[in-house]
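Chemist: As a plain string of letters, each chain reads:
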Amino acid sequence: MLPTPDTSHVAYERVYEPAEDSFLLLDTLSSPTETAFLHSRFFKTPPPPPPLVIEIGPGSGVVIAFMTAHAAALFGTQSILAGAVDMNEHACAATNKTVRKAVSENRATASTAFLGSVQGDLVAPLRDNSVDVLVFNPPYVPTAELPVQRAGDDEVRKTKDSFEEDSYLLALSYAGGKDGMETTDRLLDSLPRVLSDRGCAYVLLCAQNKPEEVKERVRGLGGGPWKAETVGSSGKKAGWERLQIVRIWRGLTYALAVPRLT
Amino acid sequence: MKVLSLNFLQCAVKTCKTSSDSYPLHPKDAELVQDEIELNEDFLVNIMSRVDWTALCTTATELGFPALPSTPPTTETLRADGKTLKDLHSLLLETQMVEGKLVCGSCGHEYAVREGIANFLLPSHLV
Chain A
1 MLPTPDTSHV AYERVYEPAE DSFLLLDTLS SPTETAFLHS RFFKTPPPPP PLVIEIGPGS
61 GVVIAFMTAH AAALFGTQSI LAGAVDMNEH ACAATNKTVR KAVSENRATA STAFLGSVQG
121 DLVAPLRDNS VDVLVFNPPY VPTAELPVQR AGDDEVRKTK DSFEEDSYLL ALSYAGGKDG
181 METTDRLLDS LPRVLSDRGC AYVLLCAQNK PEEVKERVRG LGGGPWKAET VGSSGKKAGW
241 ERLQIVRIWR GLTYALAVPR LT
Chain B
1001 MKVLSLNFLQ CAVKTCKTSS DSYPLHPKDA ELVQDEIELN EDFLVNIMSR VDWTALCTTA
1061 TELGFPALPS TPPTTETLRA DGKTLKDLHS LLLETQMVEG KLVCGSCGHE YAVREGIANF
1121 LLPSHLV
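Going down the list, the protein sequences come from chains A and B.
Residue numbers 1 to 262, in my numbering, belong to the letters of the first sequence in order.
Residue numbers 1001 to 1127, in my numbering, belong to the letters of the second sequence in order.
Extracted from the complex, chain B is given alone in its bound form (with noise of 0.2 Å):
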């Protein structure tokens, strides 16, 4: 699974819907492996519209990337710093999550992530 996909999941279990802790879920434990994928700019600058910058920080650092910056990188500044854009290409589209947990900050419910798939499946008292 893709680091992007965390921008888009949240805790499963029914009682977390109100919590704001149940998002982004806390990778634990995590195997990560870099996929080769060509490199877009266009589509770069057009996904940072739809990234949740606050959130990517929080999941870089916990994965053991170095620390992102706190503001997003202007347009301007991916299309004239090719290292940013690269480093951003790699992050969000390049690495996959292999194996690992991920873990809601409200409840503590640990996902298991098997093969870059990661198991949102419940026992039937949490759903």
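Only chain A is shown next, with the shape it has when bound in the complex (with noise of 0.2 Å):
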């Protein structure tokens, strides 16, 4: 088994503490049928363009850090680049540092080209068609409402207290509105803008999300034929606990890497 990075430094009363939901993607991402996947479309002779890696709200940045420090296990080549996006700036922080340990203590395996984490609403800041590998473990429990998004602007942040700033780091992290999908639903809206031809998208749900329904309205997005499969789950518990991991990708037949004329 893959060891999960170190986030001991993390401050876990403002940035989200891995936990099952976390350590069901590490799982799923290390499965031999993901590992099979990521490998038929990322590790070929001659070796394709390198895949942009993005982690959408990293937290404490566990599961970005497992996959750059363990990039020739799952992809088959330490070729990868990768970085994250996330509103809470701590979690940012603590991305980069999760990332840095996890990488220095897997040197065989890891990726150098962690490009870095910046604070952002899920994917705006990317360019389009440029993400290969997208992974998100979103807020997705079912709420009244969703966080108040404040505006990006140092002045407003100044003027609140600490403890109500920690509360709405943290609800940014669990709280998913209606159905607990209304975050959810904005990226999965935004998957035929950001991703690559060759590009797939890792989403962890709920039950309570009504995953049947939100695989079929995937398969009908924009851009596509869009696929989408559960590839991983956590067995059966009550509610919100249980979780599954849906992979998406496009249903084009795409060309394997034409070979390089040299």
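Hints may be right or wrong, so weigh each one.
Facing chain B, from chain A, some residues (calculated, C-beta under 7 Å) [what the hints assert, rightly or not]:
#: 1; residue: S8
#: 2; residue: P47
#: 3; residue: S79
#: 4; residue: L115
#: 5; residue: A124
#: 6; residue: R127
#: 7; residue: G251
Hint data in this document are derived by calculation from the structure and do not stem from the laboratory.
The model shown is predicted, which means the values in this text are computed figures rather than measured ones.
Note that CB positions come from ideal geometry on N, CA and C, so glycine has one too.
Dock chain one against chain two, each of which comes alone in its own frame, and use the hints as you go.
Modeler: Structure follows, in structure tokens:
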């Protein structure tokens, strides 16, 4: 089993602490089926262009650090580019540190090209058709409403007291609004723009998100045809603890890497 | 944030989506530091297929680096010329922007970079 990145340096009062959902993602991404899938896309001779692997909402950074540190095992090659986008600046800082630690402890298998963590809203700062592997552990808990998005303005931030700020930041990590899907739906709608032709996304859902309906909706997204299948699950538990990972990818038959003419 | 990250970032303002000037973002008042990263020749050769060379030339010049050649080095050059390889490795993978701003060429919006983290959150009227 591949070692889980150390996140003991992370301030869990304002950054999401790795939990069952995080570990389900790690287990799924390193499972035999997903290893075969990722190898088939990104490990070929001659090598295709390195994939850009982005985690949206990395929190502590445990998942993107895992993918970056164990790139050779997961993708068949250390040659990957990686990055992350999180609304929470403390999560960005935590992720940078978690990745650095994990990479330094796994030099033989790690990518040296973690580009950084950027503070932002889902995929807004990312270029069209740029992402080859997108990973998203959403705020999936059904709540009465979403936490209110504050302005990117420092003056607003300074007037809030620390406890209120921390509560808001943690709420960002779990509060999903109606059916726990309000943020996930925005992310899903952005996949046709941001994923490359060979791109795929791994999205975590809980039972209350109505996963079968979600998968059907994804299959009908523009720029398709799209495929969506459950590739990992956490077994039989109640309510929002019944988790699953859905892999989303374009149903195109894309050409194998064109042999380079030297 | 590594210099190479600017190859993948664009202005987040909604009305800039259709503008070609919203990428690459333009660094301003940039403070840079150098990481020390092990050089992997194969990785650099492979990375070239993901690098938008035109955008990289713009970024490198704006950051105060000597001008890059207008065409990217070939695989043969990279494998034969140690200095070109090392310079590219240093620019793409080792150079980090820790402070400054990233400016959109289309709408002029400035994104702050602090402690290596760029802030792309926007006031609601720009989303």
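Chemist: Now tell me, hint by hint, if it's right for this structure.
Modeler: Taking the hints in turn, this is what the structure says about them:
no. : hint : in the structure
1   : S8   : violated, 20 Å
2   : P47  : holds, 5 Å
3   : S79  : holds, 5 Å
4   : L115 : holds, 4 Å
5   : A124 : holds, 4 Å
6   : R127 : holds, 5 Å
7   : G251 : violated, 24 Å
Checked against the numbered hints listed earlier, the structure breaks hints 1, 7; every other hint is satisfied.
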